[in-house]
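Undergrad: Keeping their order, the protein sequence lines are chains A and B.
The opening position of the first sequence corresponds to residue 1 in my numbering, with each subsequent residue numbered one higher.
The opening position of the second sequence corresponds to residue 1001 in my numbering, with each subsequent residue numbered one higher.
By construction, these hints were calculated from the structure, which means they are not laboratory data.
Just so it is clear, CB atoms sit at the ideal spot from N, CA and C, and this is done for glycine as well.
In silico DSS-like links for lysine-lysine, alpha-carbon gap of 27 Å or less: (1) 1018/B / 1064/B; (2) 99/A / 1126/B; (3) 146/A / 1146/B; (4) 99/A / 64/A; (5) 1099/B / 126/A; (6) 1022/B / 99/A; (7) 1022/B / 146/A.
Stretch-level coverage of chain B by chain A, calculated; a stretch enters the list once three of its residues show a Cβ under 8 Å from a Cβ in chain A: (8) 1003 to 1012; (9) 1097 to 1108; (10) 1113 to 1122; (11) 1129 to 1136; (12) 1147 to 1160.
Single-letter residue listing:
Number of protein chains: 2
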Amino acid sequence: MFFSQDCTLCRPHLRCMKPCAKLNCPVRHLRRIIYYLDSAIHTLDICIYFFTFTELAEAIIRAKNRNVVVRIILEDSMTHTDKSQIMNFYKEGIKPVFKSLDVLVHHKFVIIDNNIVMTGSINWTKSAFFGNFENVLVTNESAIVKPFVNEFERILTMLTATTTETNSETLDIH
Amino acid sequence: MFFSQDCTLCRPHLRCMKPCAKLNCPVRHLRRIIYYLDSAIHTLDICIYFFTFTELAEAIIRAKNRNVVVRIILEDSMTHTDKSQIMNFYKEGIKPVFKSLDVLVHHKFVIIDNNIVMTGSINWTKSAFFGNFENVLVTNESAIVKPFVNEFERILTMLTATTTETNSETLDIH
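The task is simple: from the sequences and hints, build the whole structure.
TA: Put into structure tokens, the structure is as follows:
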């Protein structure tokens, strides 16, 4: 999936979630990504640098509500913006993992049921989907999926060792 | 290829370009990327948001010097930083294409001989390679490579329509 400057024109199609005739209408791509998220049965592992896009957050919350195990890793410095979806996740019982580091968690990938990977250059923000030149690659090839599965576990282990308590304190979540 | 926080420790290995025993030593990954760049025979198509990494620029210049056709698309707003490799490319006769837009050229991919794609989350900067959590996927699967080839041509056509003259004037290159 490719996104580019001409996607800006398709922003109105988001209101009704109906793509236009253009093959690269970003609403078409968005619907495809949501389709994959909605297809999750067991697990949804998400590692995204910057996540503000409501429609994608809603698909993740739907997954949680049908008992899919949802795990989210975010970049700490991007969780402090007004548009971050972090509070919506917390309200729905999903606790994203993030940690203040002197480096960036710059990934933009999602793993569905340990079977499909979506990865690329795109952060999950409306402006990235509707205007930027971006790409998303979707594959179920195990030679690609498996390393992402392992890396997600590795990062999660690395960040959760001391993260959970800090986050809960900072966000005053009970 | 995955990069993460522990890669920071491997920064000294860059001096001699020798990786340590760690499987994810970033110098090991860097050498692999340079190996692919050095293997280019016909074309090297590069579309990178932020490009400051000297060792990678040198590999591209080597390709140019062995008569590989090198085409580079960069994000305009990132070419004004001190560390941008743009002037080094110009000095060597490579003219990157960039254009001031109200959206970002956020891709991070390279196509070698229309046959191999390297794509992922990583910008070509030293800090991204030595510390950030990042990924690079390398594939020669034509179902993946071909769309990237088409998209590169599409972006290049879109940007070059009015770009070349503007760039030359702005940079005062003769």
